[in-house]
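S.K.: The primary structure of each chain is shown beneath.
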Amino acid sequence: MVEQSRRAAETLSRRALLSRAGLAGTAAAAAGSLPAAEPAAGADVAVPERTLAPGPAQLTLRVNGRPYPVDVEPRTTLLDALREELGLTGTKKGCNQGACGACTVLVDGRRVNSCLTLAVMQRGAEITTIEGLADGDGLHPVQQAFLEHDAFQCGYCTPGQIMSGTAVIAEGHAGSPEEVREWMSGNICRCGAYPNIVAAVCHAARDGRR
Amino acid sequence: MRPFSYTNVNTVRSAVQLVSADPDAMFIAGGTEMVNLVREGQLAPDHLVDIGALPLHLTRAGARGLRIGALAHEVQEHPVVRRGYPVLSQALLAGASPQVRNMFTVGGRPQRGLIPGSYVASGDRTERLPAAGRR
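Chains as they are written, first to last, in this note's numbering: chain P, 1 to 210; chain A, 1 to 135.
Any given hint might turn out to be false.
[Claimed, not checked] Restraint ranges, calculated between C-beta atoms of paired labels, are given here:
hint	chain 1	residue 1	chain 2	residue 2	range
1	P	Gln-153	A	Glu-77	25 to 35 Å
2	P	Arg-123	A	Asp-46	16 to 26 Å
3	A	Arg-82	P	Ser-185	11 to 21 Å
[As the list claims (entries may be wrong)] Here chain A is said to cover these stretches of chain P; the calculated rule only asks that three of the stretch's residues, wherever they fall, bring their Cβ under 8 Å from a Cβ of chain A:
hint	segment
4	47–60
5	70–82
Calculated from the structure, these hints are not laboratory results.
Note that the coordinates shown come from a computational prediction; the quantities given were computed from them, not determined experimentally.
We treat Cβ as the ideally placed atom computed from N, Cα and C, and that holds for glycine.
Given these sequences and hints, build the entire structure.
M.R.: This is how it looks when you write it as C-alpha cells:
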C-alpha cells in the first residue's frame, strides 16, 4: 500500500509538472504507473441502501485494485471523480455526453463511458482505468501494439481507444478488421487514425491467441 | 450539474415508496439517459433513486411471448432474442455504442425514444409496476 501510494503521488507530481510546463494532456495516455487491476470482484454483492444529501460525502471507490476514499457529491460523475478527486487524468473528457468514448473505463470488466455514470453508483464496483493496465514498467499488450502501429496522432482519444481495445479483445470481437471497426464504433478519433488503431487492436488480439 | 440527493435501493418496495412519496424524485438505472438529461437541465430532479441493483433483469421466452425485465442488460445477446426476435436484437445492437449498451437498461434508454419502432415491430407491450408512476 505504501508503494502504491508513492506511485500515485508520483503520478500527481508528474501531472503538476506537465501543467506548469504547459504540456498537460496526452503524455499519460500510453503508459501508466499504477499496478495492474485485480480480477473483477464484488459485482453481485449488494451495496447497503444509503441516502446521500446533495453536498459532498465520503465514499470508497475501488480503482485499479485498490480502495480510494473520495469526497464526492451525488452529482459527481465517475469521470470527474477519477480526474478531479483521484488525479487519475489518463481518462479523458471529450464530449461529456457519452458519444466519443474518450472517457472509457472498465467497470467490473465491462467497458463503459465514465461520463454517463455517477461515482456514487459505482460503490462496490471494480474500476479499471488506463493507469491500471500496465504492469509496472511493462506495457499492456494493447498499449505496446498502439506504440508499434503508431495508432494515434494527437493522443487525446488514445486512453479510451486502448481501454475499448482491451475490452473488444476480451469480448471476442476482434476476429477481423471489420469486426474491430464495428465493435470500436463507440470511440471517435478526430485525427482519423482509425487504420492504425484497427491494426493495433488486431495485432494485440492475434498475439493473445498465440 | 444541478445538485440532488441520492438513494440506492435494494428492494422494489423501497424504490416505489421513495418515488411515490416525493414528486421531485426520479429513478436512475443505467444512467445513460438520466445523467445527460440532468446535466443538460432538461430534467431537474431533487432526488435520484438508484434502482440499478433491483432484481428486474431477467429475459425469458414463454407461451405468451418474450418477457424482458426493465433492468435487463445485453438483451441483444440473449440467444432467444437473437433467434426469435432478430429485429429487436439488431436494433439494440445498432442503437448505441458498445459502451452505452453495457450500461443502459431496456426499461430506460431504448424506451425513451432511441428505437421505439423496433419495439412496435416486435409486438412489444410494456408493463409497469403498480404505483410505480413515471419512470
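S.K.: It remains to establish, for every hint, whether it holds in the given structure.
M.R.: Outcome of the hint check:
The hint said 25 to 35 Å for the Cβ distance between P:Gln-153 and A:Glu-77, and at roughly 34 Å that hint holds. At roughly 21 Å, the beta carbons of P:Arg-123 and A:Asp-46 sit within the given window of 16 to 26 Å. One distance hint, 11 to 21 Å for the beta-carbon pair A:Arg-82 and P:Ser-185, holds here, with the actual separation near 19 Å. As drawn, the segment 47–60 of chain P meets chain A at 9 residues by the rule of a beta-carbon pair under 8 Å; at three or more, the given contact holds.
By the rule of at least three residues with a Cβ nearer than 8 Å to a Cβ of chain A, the coverage given for the segment 70–82 of chain P holds, with 4 such residues.
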